[in-house]
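Undergrad: Just so you know, the protein sequences line up as chains R and G, in that order. For the first sequence, this note's numbering assigns the number 1 to the initial residue and increments by one for each residue that follows. For the second sequence, this note's numbering assigns the number 1001 to the initial residue and increments by one for each residue that follows.
Among the clues, some could well be false.
What the hints assert, rightly or not - Subject to a maximum C-alpha distance of 16 Å in a straight line, what follows is the list of computed EDC-like cross-link-like pairs (lysine to aspartate or glutamate): (1) G/Lys1297 - R/Glu115; (2) G/Lys1299 - G/Glu1322; (3) R/Lys348 - R/Glu307; (4) R/Lys168 - G/Asp1313; (5) G/Lys1319 - R/Asp47; (6) G/Lys1538 - R/Asp220; (7) G/Lys1128 - G/Glu1567; (8) G/Lys1319 - G/Asp1295; (9) G/Lys1704 - R/Glu402; (10) R/Lys168 - G/Asp1691; (11) G/Lys1323 - G/Asp1424; (12) R/Lys287 - R/Glu264; (13) G/Lys1704 - R/Glu115; (14) G/Lys1236 - G/Asp1137; (15) G/Lys1704 - R/Asp47; (16) G/Lys1299 - R/Asp39; (17) R/Lys348 - R/Glu402.
What the hints contain is simulated information worked out from the structure, not anything from laboratory work. The model shown is predicted, which means the values in this text are computed figures rather than measured ones.
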Amino acid sequence: MKNLKYFFYGAIATAMLACTTDDVVTDPENGDKKTVKADHVVAYFDDDDAQVYIASPESLEEGSLSFINNGYHLNPVRSARIFTDNIGWVYSFDYGGGFLQKLSFKDGKYTQVRELDIAPVMGGNPHVRPWKISEEKILIHNINTVDIEDTAGTGITKKGTMYVTSVKLPEVSIADIAETWDVPQTEWDIAEQSYMFRIDAPTVMGNKIYYGVGRRDVVDDSSDGLTGMHTLVLDYPSLENPNYIRSEAGHGNTNGYRGLNMTEINGYVYQANDARDGNPTVMTRLKDGQYDNDWSFDVTAAFGGGEIRTNKWYHVGNGIIFMSVEYTRDSNNWGLLRIDLNSQSVTKVDVPEADMFSYQTAQTRDGKFYMAIAPNDTNITPKVYIIDIETSEVEEGLLLDEGNIRIEGIF
Amino acid sequence: MDKKINRTFFCFMLILLSITTNNLLGQSTTNISGQVINKTTGEVVPFALVSIDNEGAITDEEGKFQFPLINFKHNHLTINVSCTGYKSTQLHIDTKAQSFYKIEIEEDLVSLDEVVVKGESKSQEIEKSGFAVASIDMKDLQMKSLEINEILDQTAGLRVRRDGGLGSRTQININGLSGDAVRIFIDGMPMESYGSSYSINSLPASLIERIDVYKGVVPIELGNDAMGGAINIITKDASKNEEQGGSMNVSYSYGSFNTHRADINGSFRDKSGKTVRVSAFYNHSDNDYWVWSDDIKIKDYREFLPDGSRNPDFLSVIKTGEKVRRFNDAYRSYGAKVDVGVTNKKWADQLFLSINASEDYNESQHGARMLTPYGERYSTGWTIAPSVNYQKRDFLTKGLNITSNVQFAVSQRATVDTTTNRYDWYGNVIPPIGNVTPLPGEGNNSTLNKDQNTNIIARISASYALAENHQLGFNYSFNQYNRSSDDPMAERERRDFNTANIVNKQITGLTYQNSFFNDRLKNSVFVKHYYNRLEQEKIEYLDNTLDTTFNVRPDANWGYGATTSFEISPRARISASAEQAVRLVSTNEVFGNASREIYESIDLQPEKSFNVNLGGQFTLIDQTRNDLRLTSNFFFRNTYDRIRSRIMEQNDQSYTMFENIGHVVSKGVELQLDYNIDNKWDFMVQGYYLDSRFMEEYNSEGRKNLHYMSREPNMPYLTFSASAGRGFNSLFSTGDRLQISWYLNYIHEFHFDWDIIGNQNKPIIPSQLLNDINVSYTFSNKRATVSLDCKNIFNQMAFDNFGVQKPGRSIFGKLTYRIN
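Looking at chain G on its own, in the form it has when it is part of the complex (with noise of 0.2 Å):
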């Protein structure tokens, strides 16, 4: 059913596409355009850096390039072109006169070696800053069905772990550490700011223009406790590369499990500088995909044998490992953003009023294991969030550059869980079994629960250039988070807990900057300021009586650190960056929260760590055809009053409850290989290792920790992946390309559990691997692409998480489109 869907949705996309590809890229006044072309051959160089002023560009597979014209202050300028392998050349214009050039360059055999790198991107600039960062580059990954996190999961180092498919629970490690001690930004606003209904998913790649993974120390601009690392998602600039007019990006994907994904994104703008920027979304997938680990249990619900005899297998378990379907995973969100505001005006470079809104439903299969199958729990969410951001380089006075942004967002969880129904791993109810109607609620207890949320982000960075190559930098992050929730099932005593949860979040960071030699030696020194206020009110009974109790609990901590980079040659550079950072306590690990079975813990310390990370970037061949590039980081981490919660029982209940365990040491290593041919061909290699131990030999009773040494549970720590792609340019026409690409991924097995203690049955996450390939066309007015992707191909059992099984085999075609 599911590939007759697929067929014929693709032959009418190729009709589509071929209505459509007949369109040309229009002319434009507005633009500085050209073509590079070989002076000896007359052919086109393609991948040609071309730079003017402090903006750069890389020509395309037709040689040709183009710069906004409203990028330049002045009408004469010079064009800088250099490619390996041939001489770097220089061209001045004037924009009144000229706006096509054809620049001819000369090939250069002794400079073959020697590469000037001078326009370069974005990405490499980031990862030349000193920080541990990786900078994923969107260009060739949007045209890809892929969602955001499966490309932060194919970057070393990182690991997203899944509970299952489109919408699931999304847990992001980065070496080793995860939770709230890895935070999430976009454009440096946190993410959890933007309310559950809006995931990382929901960003239409198309709008994104990289992201930044910092793997342990992170700079002072994103404000926030992320001790274990940040990513950030930087979307595409309004201001730059957007020419006068509108231009549109359409993209659609439909594949496995009836998943239908849609965005659209545009913008428009008048000569004014005046802009539109509208960008929406829709998310679809029923997740009904197979699973058969040994978790899945079928049962004999028959209570009498057909003689009447009561039935001996009535409720045993009698078959495990059956292969099923899963029948209440559905997930759905939608949203929209628009931003309204001016560019390029004299008191503001950018000014942008936002308002962000998204909803979401998503079903719930399982509770933590699959052992028992929900029916009709599901829950629901909406987030509204208007924001304003503001840009401004040279405010007041020259060097001064201000970026701030305030954004107040209200949102919404709701959680249905009241049915008496129960059901088996086939999709059916239990029929009712002798007298005994099930309690309502499939998970722990019945819910109706709503946490009504609003948050309150404001942020001021500030940078300002002391002299030449000297810069300070200042950061002021503002974060108030109220959230209130009632259960109208909850018990009643349960009901009266909690009237407000209140963090306040303030975090203070200042920065100085230099750059040596040419920009070869660069340094970075920061401190950081962490204020956490934190705030409930509970009704408690006190004597007896019902009294409101307001708890108050302030933090402040100290955060500081270094980083530092240079490059011993164009083909080597060393970095270097190490912090003492803080991962701040939330309310309900520190108050409880009685409807969620948290138990308070008023002396729960907040996550402190020393980090230091070591890398490297190599150029191992450098060659016109072909070129070798290694990439490595080694890191320590040394972890004091780790936070993890337990189960713990009191006074004959059970509650959650969070603690520090103590001292906790990682190193680590991640080693990644690239290679290039011919610009045809490419292959990557990466591996990654992770040593973390549990170092704390004393409990805090004093007794010895029979897990001392024990290697920290349920974290992967030995991963491979590698990955190689082919690409053909004009196999059809002049300048399409078709790109092939494989990529495996090796997990190996880990102990959810301390792994010393005890041999048999273990609960260990096995061993994986898994492949994926992907098949991308674009067609040759670099309009449109299809793609497809095929995933999990030899339908492997996929875990990320200790018996929840996500997705096997599975396959997505993509769409995307622009126009201009």
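For reference, chain R alone in the conformation it holds in the complex (with noise of 0.2 Å):
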């Protein structure tokens, strides 16, 4: 009986061992997670878009992170689109091969979960555009044209055709194929003889989506030369009753590039033209599905000026928006300036001039930017810059790799 006893107790002994063996081995934390809520910077190599490689830092404040033997080679076909969520999931979008990927990040390692083919419903097309525009959703849309004689026997004009599908998050499967939408030939194509060739920096205000657009010359198929600034509304969630749109307040594309280039700011959705042919870069908005033609602000005559373009820009709160901008166009000198859309104002954050026309995101934690900027000047180390959204006053934390990377953002 004793022994029962002693066997007994013996028995809970190895039990509870067994246990505590259990525990010490699952990281209290993130043990049970499948992944990891983390920093992450990507960026490019050799000015080659396809030698895309991301990594994680401990700390985007202090420290260093290289890219020589560390990081996962994200492999695109032409370039990668990343983004990230709340939970730790990357998603990395493979333009030109058309994969949607889903990537866990955990103990420093970086693995593929989920492969999704995009292209079957963008028109067998795999060079379209994402956008992450919730938690619960990333959106692919493209434009894709064709040319077709026209029957007046003027020529060749294009007929472009708006793809749209949602992929619900995170378990990356496709949630809804939007119907094709035929772009109609609008009067201010027509006259300038364009069309719509891009879409993309979708934002969702109410039960709308509102569509940055890009045109194109059907001569040349060059933007320059053409007027207005184009939107396209369409109803949310249905993404039905396009409604392709101009304001007179600007000239220029408003669909940015790998990067945000309209949001909702206190009830508007607000949006920035690329601005070219010495004309200004202006900021417009819109609400219920139109533009606020009352309302325009001209950055480039509150910065004093200048040839300035820009083609993304972050919203950091309150009002305060932080944009890339081209001090003259194709100069590759970027740089970045501080608007108070509350007071219309610019000033220039104090960081150094950088190729960002591909910089696809930035962070912004607890009053402060994050931006990590390779310089055009070689002597500066490329680092991530910490700009302090009141003041403006610029610090340096991590410090990236001295070389030929180009920084795709801090994700």
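Join the two chains into one complex using the hints; note that each chain is given alone, in its own frame.
TA: Here it is in structure tokens:
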């Protein structure tokens, strides 16, 4: 009987020991998680957009992060568009391959856990654009164009068709395929012999979604000399009733490039143009599916003139935005402006000039704006610049590789 | 199914053979022939070297040899016979008196260690020239069911990288250089002039005498900008070893993936030297081999589940690495070449008019990787190329030898890709998804592009003997290439581009050669001038009006080099060569090509390289019954302005653009050991190591290159191969031969990108160990050979390029038959 008791105690002890051993193995915070929320820096090398790597630094404020023998090769056909969610998943769209991939991140390791082929529902086109519109959804959209012989005999025109597909997050499964829509020939496109070649930077406000629009000349396929700012508005989430609208407040494309160029601020969707031909950089706003023609803001004038152009900006709260601007088109000398929409004031942020053309995203945290910059001045080490949102004061944070890296963003 | 066909086919062939092998070798008075016999034993002596004047031959298994009488100008000749272990013997003959000679030779135990190689083969002679060259004698190889590419792939320092089966894109890499840096020639004419429908594999093996592979330094006779090396395929000489009358070679091979390869070539010559040669080939393969790499992604195409709800896995990848069969990869090519001419005339040793015509059809299974299968895309091409070839020794004056070729080639390549169908990896059309009709074209854009090319090549080579052992050589080649492209499917603005692309390339070379100490020391120095004029006409928008712009870029460059070869002893020879070489730029690289999305790069510089090769050939063991030979080659290459393509973004559009990436230093070594026992066993082991590093510390913007000192990407750098063979003579009947060979090839893994950046999910071409087996049987009359080749016997995943799997286990049978 006694023996049995000892045996019993022994069994319990063993069981307890077994449990504690389990606990030791498991990271108490992240152990049962499939992925862990972290900061990620994405960069490409050797001026080759397809050599894109992602790696996670311990801190954005200090230390250094090198891609030498470190980092996950995203391995896209042409380039990679990255999004993260609050759970810790990393989503990478292989632009050119047409695959949306889902990666987990844990213990410094990235693992692909799901892959979705988007091209078949986008007219077979793998060169389409993704945007994470919410924690639950990534939208994939594109305008596919074909040449058509004009029946009036005036030559060839373009017919554009809009494709939009919603992908559910974090599952990464197709939730909805919008009916395709043929872009109508508007009077302004007929007048300028132009066509809508791209839509991007979508923003949802209320029951509408607003897409920035890029236009080109049918004849020489350039955006030079085209007038107006344009938006495509649809019902949301049904993606029905498309409406192609125009504003005369400024001139230039509004689709941005790989980053945010439209966002909701205090009940309006704000939008900037990609100015060319000496036109000013202008911000406009929309509401209820229409341009607010009573409001516009000439950023160039407020900056004090010049030929600045932008293709993306970041709203950091309370009507304060940081805007990437190229001081002269095609100079590759980009910098950062702090814009206060409330007071319509513009100040230059003291960060070194860099090529920010294809930069994707930055982070806003505790009153500070974090942006990774690889300066054009080769004497300055690429690093994370931490900008105080209130004072514009710049601090230097995490150091990155010195050399031929181009940063895609902090995710 | 395949197996059954194979069996039936072989039964049929065996019956055919038993009928035809009864023919006997006809004796003819137009030959000097004979048999070498051991004086003491009375046995026949195979593999003895027999030479008359400058002609050499090796006795066959029955000790027999044969020379065409036409090769000799005199009736009184001396036959020299030498063989390891025998005393050299001479016999003076009168060809008018007799045509068949029995030559008895005495054993010589003393001379066992000394080999007097007199009648060395042309291949051996080439290898003595001082160039780093491997000369492949095709005699034994033409029986095997191997493609030329596969034969080349078994050469040390050379890799043939293929995208798949028969007809797939191939790239030849010599000691780490490839693409336009390596040029292929057929009898000195650049391969590319024959058009894309005529590939290196279209040449019947039986037409080829030998293949010379120059690694690095290239002689001036090959007048092209072959910086990394050159491959010269030498076809059989019409004026030699051919008797009056006719002869014909037929071969046919059949095997896996419904692959048929047939070729026929015949020649006929009358008394006056008039000669007609005809050759034709036909290749077909379904190339429907199995692939199962991770690039094969199986997706769920069910949009809705049976209950009507949306399928959450719709279009997601549900399986990777599924074993599937390729279905749109068939290849077919056929062509013929006719040569008509005269030989051995006072005014011409050879004058031939030739016409070469070929056509091909090539389906395309996928793009650069196996990510998405194509079900309908294909291309077709044809070429017609007439040419004139002239050769004369002692032209105008004694000692001046002239060779000249002129060729005019017209070719076309058309690509067809217009379908709106999309296919899955099982070969099924993916059902239309929702209301979404896919855009036409399975590649990036739909296309009906047609390239129309004309190419004129004129070449003249002259050599003049200044004195005994001093020779001057001259070579000039003129090459004019015009291409115009049109694609009715392209966007209008693209269609207007590129009305013409013209390249005019003129290469002039001068060389001086000498030899001392009875040819033991051979030297040469040479200088080359490269002239390259690129022209392009484009229609462009200038100030919003259409205008034709005419771009011209002339380039002139000099190259020079030297070679030396020294025979330390009959068993050891060392050679060295060095060259300052140039790889010229092409029109597409410089002016761009809108229909191919290539952006212009006006300042692109030719690639320049300083190459040094040091080699040695050593006979380590040389006894009657076995010999062991070591061949080694060290090379060093200092390359500036290395050209590569990259994808760049400009104004929201992406293009390919060529650029000079700068300085690359390559060092490498290759070693080969050949061991032969008793002429029955042969063994070979070879190894190759390349250390090619990117040595540009800063890029053009002054930024430090993160990949400085990184290994050059996408370049195999460590390979081993080995082979073992066993031959059985007179197995079933006297004079027959059965040969069994095994070939092993190891390629160490290599990175597709710069290796030192990143450490996860790196694209790597994995290490591979591949085994092939060949069995061939030559019937006793030496007319017919049957062979069986089994490739990749363990059915390994094989890759040459990232993500593109090559065929697994496959088997081919081949029958070769010769009629005199």
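Undergrad: Hint by hint, note whether the structure agrees.
TA: Now the hints, each set against the structure:
no. : hint                  : in the structure
1   : G/Lys1297 - R/Glu115  : holds (10 Å)
2   : G/Lys1299 - G/Glu1322 : holds (11 Å)
3   : R/Lys348 - R/Glu307   : holds (14 Å)
4   : R/Lys168 - G/Asp1313  : holds (11 Å)
5   : G/Lys1319 - R/Asp47   : violated (34 Å)
6   : G/Lys1538 - R/Asp220  : holds (14 Å)
7   : G/Lys1128 - G/Glu1567 : holds (9 Å)
8   : G/Lys1319 - G/Asp1295 : holds (10 Å)
9   : G/Lys1704 - R/Glu402  : holds (7 Å)
10  : R/Lys168 - G/Asp1691  : violated (48 Å)
11  : G/Lys1323 - G/Asp1424 : holds (13 Å)
12  : R/Lys287 - R/Glu264   : holds (10 Å)
13  : G/Lys1704 - R/Glu115  : violated (35 Å)
14  : G/Lys1236 - G/Asp1137 : holds (11 Å)
15  : G/Lys1704 - R/Asp47   : holds (12 Å)
16  : G/Lys1299 - R/Asp39   : violated (31 Å)
17  : R/Lys348 - R/Glu402   : violated (25 Å)
When each numbered hint is compared with the structure, violations occur for hints 5, 10, 13, 16 and 17.
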